[in-house]
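One-letter residues, chain by chain:
There are 2 protein chains.
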Amino acid sequence: MDIPALGELESAVLDFLWEHGTSEAKDVHKALGARREITLSTIQSTLERLYRKRLLMREKVSHAYRYATVLTRSEFRARAMAEAAGDLKQADSNGVLAAFVDLVARSDKNALDELARIVERAQEERRPSKGGRSS
Amino acid sequence: MDIPALGELESAVLDFLWEHGTSEAKDVHKALGARREITLSTIQSTLERLYRKRLLMREKVSHAYRYATVLTRSEFRARAMAEAAGDLKQADSNGVLAAFVDLVARSDKNALDELARIVERAQEERRPSKGGRSS
DNA sequence: ATGAATACCGATTGCCGATCGGTGTTCGGG
DNA sequence: CCCGAACACCGATCGGCAATCGGTATTCAT
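So the sequence lines, in the order shown, correspond to chains S and A. So for the first sequence, the numbering used here puts the first residue at 1; every next one is plus one. So for the second sequence, the numbering used here puts the first residue at 1; every next one is plus one.
The hints are simulated quantities; they were obtained by calculation from the structure and are not laboratory data. Some clues are possibly wrong.
Where chains are identical, the list cannot tell them apart; a pair therefore holds if satisfied intra-copy or between any two copies.
[As the list claims (entries may be wrong)] Keeping only pairs whose Cα atoms sit at most 25 Å apart, straight-line, the calculated SDA-like set for lysine to any residue is: (1) 109 with 123; (2) 53 with 121; (3) 89 with 11; (4) 89 with 37; (5) 109 with 35; (6) 53 with 65; (7) 53 with 92.
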């Protein structure tokens, strides 16, 4: 499952769903269509495309679809990162991961330490032998 | 400086330059134009676009341009990753980095440990107080 | 049954990369 | 000095895709 390229309205619709949870086309239109002077059917087409791209789920409540995101915003962006990195299994030997860590370190003073903590926690979850954490 | 969207030929041209180093349009055409049945001017236009996108440098040798990449392949992909992650300064609080580390951990058994080593080395370079490395 | 809300479909528009051909320019050899 | 080859540069066209709209069919509720 890969992340396709998204248009500007598609991204806006996704953002709305991430912030407001499962919604109908009508709700999205009320929020986004107003400023953009956009028809409801345009929003419906956008939702339909996102659904075909496997980024949205839908469920027919009565005769209207209720749309929900398949991934969280974080998961989505993480997959986009993985795709940008190329093959993850070879990303380290390519030096891609090292270059990215370098970018993280430059972006913010604390970012590198936070990343270190995240990695350490992931390692602990993988091998609970060394004494995991409760929270 | 952000990473613009690239077409398929643009990516192929970039790949060629990464593998063969500084080249002229003619060389790129010999390698890529043959299979694709593409004119030399098409390659020239593509190089020109990549140059305008700040992804290539050029130097006029006699009356021909010699094109070279601005970033290495790893740097390029790392920046693309950073862009996919959104604002790096807030990526950790968003959980994006955690989700990405999770993806790395799932991709390969050793990938997580390699990432940990990369992060650790970056920390040491930042604070050489704890004893640097020679290699 | 009628009307409102919605799904669904087709057409149009706009944007951008890809591709080509034409034209000007420059360098090097005769 | 001139001519041809190689190349840069420009404009036009094509194709794909998202965005947008309007129209029509469908479905539910009253």
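So, going through the hints one by one against the coordinates:
1. In the homo-oligomer, the alpha carbons of residue 109 and residue 123 lie at most 25 Å apart both inside one protomer (23 Å) and across protomers (11 Å), since each shortest distance falls under that limit.
2. In this homomeric assembly, residue 53 and residue 121 never come within 25 Å of each other (Cα to Cα): the closest approach is 33 Å inside a single copy and 39 Å across copies.
3. Taking CA atoms no more than 25 Å apart as the test, residue 89 paired with residue 11 passes between copies only; the shortest distance there is 21 Å, against 29 Å inside one copy.
4. Within a single copy, residue 89 and residue 37 get their C-alpha atoms no closer than 46 Å, and across copies no closer than 34 Å, so neither meets the 25 Å cut-off.
5. Taking CA atoms no more than 25 Å apart as the test, residue 109 paired with residue 35 passes in neither setting, with 38 Å inside one copy and 48 Å between copies.
6. Only within a single protomer do residue 53 and residue 65 lie at most 25 Å apart by alpha-carbon distance; the minimum there is 16 Å, versus 41 Å between protomers.
7. Taking the closest pair of Cα atoms, residue 53 and residue 92 never come within 25 Å of each other, the shortest separation being 29 Å inside a single copy and 27 Å across copies.
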